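Peer 1: Chains as they are written, first to last, in this note's numbering: chain A, 25 to 433; chain B, 54 to 365.
These aren't lab readings, by the way, just hints derived from the structure by calculation. Mixed in with the good hints there might be a few duds.
Claimed, not checked - Below, simulated DMTMM-like cross-link-like pairs (lysine to aspartate or glutamate); rule was C-alpha separation at most 25 Å, straight line: (1) B:Lys240 with B:Glu274; (2) B:Lys240 with B:Asp206; (3) B:Lys240 with B:Glu225; (4) B:Lys240 with B:Glu124; (5) B:Lys240 with B:Asp114; (6) B:Lys184 with B:Asp159; (7) B:Lys240 with A:Asp333; (8) B:Lys184 with A:Asp333; (9) B:Lys184 with A:Glu422; (10) B:Lys240 with B:Glu164; (11) B:Lys240 with B:Glu281; (12) B:Lys184 with A:Glu348; (13) B:Lys184 with A:Asp328; (14) B:Lys184 with B:Asp220; (15) B:Lys240 with B:Asp257.
Since this is a predicted model, take the numbers as computed values, not measurements.
One-letter residues, chain by chain:
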Amino acid sequence: MASSTTSGDRPATGPIPGAAARARQSDVVIGLTGAGIGALTTVMGPYLSFRPNRIVDGLSQTALEAFGPLGWLALALWALSGLVALTRPRAWTGAARAALGSSAVLTLLAAAGADAASFAAAQGAAARTSFGASFYLALLAAFLVSYSASAETPGRLGRAVIALFPVIALVALAATGALAELGIVREWMLTRTTFVRELRRHLFYALGATGGAIALGIPMGVLSARSRHAETAIMGSLNLGQVFPALAFVGIMMPILGALGDRFATVRALGISGIGWAPVFVVLLVYALFPVTRNTLVAIRQIDPAVLDTARGMGMSRWRSLFEVEMPLAFPVVLAGVRIALVQSTAGAILAAFVGGGGLGTIMFFGLEQTSMDLVLVGVLPIVALALVFDAGLRVVERMAGGSEESYA
Amino acid sequence: MIELRNVTKRYDTTVAVDDVTLTVPDGELTILLGPSGCGKTTLLRTINRMVELDAGEVLIDGQSIRSTPPEVLRRHIGYAIQSVGLFPHMTVRRNIATVPRLLGWDAVRIEARVTELLSLVGLDPASYADKRPAELSGGEAQRIGVARALAADPPVLLMDEPFGALDPINRERLQREFASLHRRLGKTVVFVTHDIEEAVLLGDRIVLMREGQIVQTGSPEELWRGPEHQFVRDFFGDEFGLRILSRHRIADLEPGATPQGASARVHLDTNLRDALAIMVTESVERVTILDGERVVGGLSFCDIVTQVRGSL
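In isolation and in its complexed conformation, chain A is listed as follows (with noise of 0.2 Å):
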């Protein structure tokens, strides 16, 4: 036989040149809104205000009124930045505004940090030092700023360059003790000792419960996907659980994990009852199942029918099939699943700060108590980078998974 090559049937690929253009335009509108803004909020709204103690009013000031010559550079930084975003892109231009609007940032947030280590050394240990609504619209500006300069660069570097920069400034900065003053971080120094014990509760929930739903809603998205009466029940049951409200939901479980311990000597001794870790673990456990099993049934559906008539017909069994054929092929579609459901949970953890059950919430209750901005925000900043760090990480796994998948598409 000789070897035929007929592969003319490829569709070929490339950039569109209108497209590219339109993307193009779209970057620097985003970063001209982004630089804009940052610009905006150095010079109104409240950029630092100083109380003190946790409980009184006290005195709010914007960038320029409480950094004098800093505030202008910072203004100028954003300028500049603005600027680039103008002029032709080049290799350089997208790190190089990046830079400029996270140098802004930084510039004001160690501004922030000695003024803040000065009002502290004439007010004492209770003075508070806290950010306002400027700074964090800020923040927003500088992330508008570097999300479309990665865009315009390039390389793999080049991009990398402009997430981490920030980020290892930022602790570089924080490792000088230049913003230990600061008042998130002295709510942070205070509360530290609950803060890892809560932290490892709230880890314990999101991902016991992502790990339930692998070890559960896997076995049974196959289920549904081999029989029809198995999906009805199954996907029926998930449903109902979605529409629950979350906290009403804990609610029911509560009476029912009680009587359940107070039955069952065994119950009880794996600590379940009706407060504490039990009911939320279930609850967020239902709504976990739900993304992984959906996915698992639909990425198994989905298979090309001759490849499971063929590994039929060749002589595997079932089991081997599954393992061998069908969750290979499915893996991608169910790890966008866990993917789900991870950060579902890390968000969902909160839940258990109001039946007692612990976690990151039980900071953001006791700040919000307090009437204590930056307590609040230790509690909940920690939940919003876990679910980043966790989306973005099982992201890069599908992608790695999914170097196959595409090409079978």
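We have chain A already, so just place chain B on it with the hints.
Peer 2: Below, chain B without anything else, positioned relative to chain A:
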């Protein structure tokens, strides 16, 4: 030898295969032919128990297929289908090695077999073994599908319209290559198609089916010469004779006298249909037959018409 005895398969109210009895001799390529919905694919799939029977039995070499668990049975029956069904996440090598792996062959033996099979289906082992199915053209994928079906050297091969999805040029090339492969390997092949041309070209025997039943069984020549039913005549149509001609070479006929003067020259290996086409194109009634460079006689329009029905 595969024997199907009173095989019946029903789906709800419809009878897909209705009391079919058929013997498939060893080493022959038997075609199950018929219009869509005639039950040919269902009948094929009863042989490797992809379809379980409602009545009747299937024997391979005298042994009921029910005496072997389906998975084990299928590992000894090659299986190739129209949509190929290569495993997209595995390399070509691993795809071909599927059944040998199920049978527990060692790595050295598997590697040697993969190399052998790739050469057999006309693909360079060095450049194809590590490719993924998505990197293959339709024709290449189908070659790999055939190689995979042959991997563990099964005595029986089941093929369900294996070349149906290919473009006409690739289809014909693969058909011819497969015909010569079959002559070399001598496998017992059961081959489903609805394509009359393919059936006549490849089949040692054709089993013509309609509505779950066999209408007539025989070699293409037998069906052509002695159709037992109007359906056979209608199904094959007026071109049947021409298609039969394409199965035979000039060498199969008695050579006649060498024509005088200049005339079109055709080789002994030319099939009769092509020889006829040359006569029509050249507007001659007689051509000169060559064996290599040597003139061995002549062939006339009348020779084809008169001899074919008698001697083939």
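Peer 1: Look at each hint and say if it fits the structure.
Peer 2: Consistency of the hints with the structure:
| no. | hint | in the structure |
| --- | --- | --- |
| 1 | B:Lys240 with B:Glu274 | holds (22 Å) |
| 2 | B:Lys240 with B:Asp206 | holds (9 Å) |
| 3 | B:Lys240 with B:Glu225 | holds (21 Å) |
| 4 | B:Lys240 with B:Glu124 | holds (21 Å) |
| 5 | B:Lys240 with B:Asp114 | holds (14 Å) |
| 6 | B:Lys184 with B:Asp159 | holds (22 Å) |
| 7 | B:Lys240 with A:Asp333 | holds (22 Å) |
| 8 | B:Lys184 with A:Asp333 | holds (22 Å) |
| 9 | B:Lys184 with A:Glu422 | holds (22 Å) |
| 10 | B:Lys240 with B:Glu164 | holds (22 Å) |
| 11 | B:Lys240 with B:Glu281 | violated (29 Å) |
| 12 | B:Lys184 with A:Glu348 | holds (18 Å) |
| 13 | B:Lys184 with A:Asp328 | holds (19 Å) |
| 14 | B:Lys184 with B:Asp220 | holds (22 Å) |
| 15 | B:Lys240 with B:Asp257 | holds (12 Å) |
Hint 11 from the list above is the single one not met by this structure.
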